[in-house]
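Engineer: Residue numbers for the sequence shown, in numbering that gives the first Met the number 0: 0 to 311.
Some hints here could point you the wrong way.
Calculated pairs, DSSO-like style, for lysine-lysine (alpha carbon to alpha carbon, straight line, at most 27 Å) [said to hold, decoys possible]:
(1) K301 <-> K266
(2) K202 <-> K139
(3) K266 <-> K41
Pairwise CB distance ranges, derived in the manner of DEER restraints [stated by the list, open to error]:
(4) V217 <-> D75: 49 to 59 Å
(5) E49 <-> V217: 53 to 63 Å
(6) H294 <-> H201: 33 to 43 Å
(7) S165 <-> V264: 25 to 35 Å
(8) K1 <-> D207: 35 to 45 Å
(9) T257 <-> K177: 30 to 40 Å
(10) T215 <-> R99: 47 to 57 Å
(11) S165 <-> D75: 52 to 62 Å
(12) V217 <-> H77: 48 to 58 Å
Read the hints as simulated data drawn from the structure, not as lab findings.
Just so you know, these numbers come straight off a predicted model, no measurement behind them.
Backbone N, C-alpha and C define an ideal beta-carbon position, used for all residues, glycine too.
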Amino acid sequence: MKIIFAGTPDIAIAPLEALLASRHTVIAVYTQPDRPAGRGKKLTASPVKEYALRHGLTIEQPENFKTQEALDRLHDYHADIMVVMAYGLLLPSTVLTTPRHGCINIHVSLLPRWRGAAPVHHAILAGDENTGVTIMQMDKGLDTGPLFAQESCAIDSNDTSEMLYSKLALIGPPLLLKVLNRIDEGNITPQPQNTEFATYAHKIQKSDARIDWNETTVSIDRKVRAYYPAPIAFFEWQGQLLRIWAGHPVTLARPHHTCGEVLNVSKNGITFATSDGAYCITCLQFPHKKPLSGHELANAWKNHQCCSIFLL
0 MKIIFAGTPD IAIAPLEALL ASRHTVIAVY TQPDRPAGRG KKLTASPVKE
50 YALRHGLTIE QPENFKTQEA LDRLHDYHAD IMVVMAYGLL LPSTVLTTPR
100 HGCINIHVSL LPRWRGAAPV HHAILAGDEN TGVTIMQMDK GLDTGPLFAQ
150 ESCAIDSNDT SEMLYSKLAL IGPPLLLKVL NRIDEGNITP QPQNTEFATY
200 AHKIQKSDAR IDWNETTVSI DRKVRAYYPA PIAFFEWQGQ LLRIWAGHPV
250 TLARPHHTCG EVLNVSKNGI TFATSDGAYC ITCLQFPHKK PLSGHELANA
300 WKNHQCCSIF LL
């Protein structure tokens, strides 16, 4: 089949790579326009664009599909299907029906659970034991289209969002190719979602990653793991934001302490009291500094002359 691929971030590269190695033909790659990035706010290409350039693929970067020019350009490709993963643009009904077989989406959750922008983050935050990949026919709703196929994977107790994305990146491409081959052969029909079990994964804001030591140890641990590598969990200390890159729950023999109390500082990390136990930060970033762990972290904390108890 002649395929248009639409995606923007790193996680969309694996399925594009699989398509290039398949029997199908990628005739164009749609990705977000170059955006300002870094301290210098220099226009920067998306990871998918950089990959497409290295492989000599035709690239399209419309701001949106509200103009007739953008719609005509898409139509002129006469694509059999559009494969979408984390593209970042809302596709109007006109676009969804332009390719012969419409548009299909690779979604990193077991729909209808965690429809929306941040399914991996929310699966970890909720303490889900499993998540997975869904291939769905796109419609005008938010991840509401009928399902072609799903494959699940376990969420381990130490998984970060980065680690979970890596697992899902292994599952998604072969599942996508199975679905595409069956669509090409005409022997697959998507099944409607059970809306009774729908949940929504709202877009993550930096403020969501704030740690409150009055929370439970489990809640804090989930936040740290869910928000790595972005936006990174943080807490306030003496008017400054300290970012938690890694840590783990700690079992206490005497669990009753003041929330936010520093219980221990060692080469293993800095342990804080939570509402029901303790949490050890093993990698911490002070303002305008690189993340520190081990002896560097312990020394930096002591050098900052932190009081033994602070309340947020």
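Engineer: Decide, hint by hint, whether the structure agrees.
Structural biologist: Structure-based check of all given hints:
1. For a cut-off of 27 Å, the pair hint linking K301 to K266 stands: about 12 Å separates their Cα positions.
2. Distance restraint check for K202 and K139: the Cα-Cα separation of roughly 19 Å lies within the 27 Å cut-off, and the hinted pair is therefore satisfied.
3. With a C-alpha separation of about 39 Å, the suggested pairing of K266 with K41 is violated against the 27 Å cut-off.
4. Roughly 53 Å separates the CB atoms of V217 and D75, a value that falls within the hinted 49 to 59 Å.
5. As the Cβ distance of E49 to V217 is approximately 38 Å, the hint placing it in 53 to 63 Å is violated.
6. Against the hinted window of 33 to 43 Å, the Cβ-Cβ separation of H294 and H201 comes to about 40 Å, which satisfies the hint.
7. The hinted range of 25 to 35 Å is satisfied by S165 and V264, whose Cβ atoms lie roughly 32 Å apart.
8. At roughly 41 Å, the beta carbons of K1 and D207 sit within the given window of 35 to 45 Å.
9. The beta-carbon spacing between T257 and K177, approximately 55 Å, falls outside the hinted interval of 30 to 40 Å.
10. At about 52 Å, the beta-carbon gap between T215 and R99 stays in the expected band of 47 to 57 Å.
11. Range check, S165 to D75: Cβ separation about 37 Å, and the 52 to 62 Å hint is violated.
12. Between V217 and H77 the beta carbon distance is about 52 Å. The supplied range of 48 to 58 Å therefore holds.
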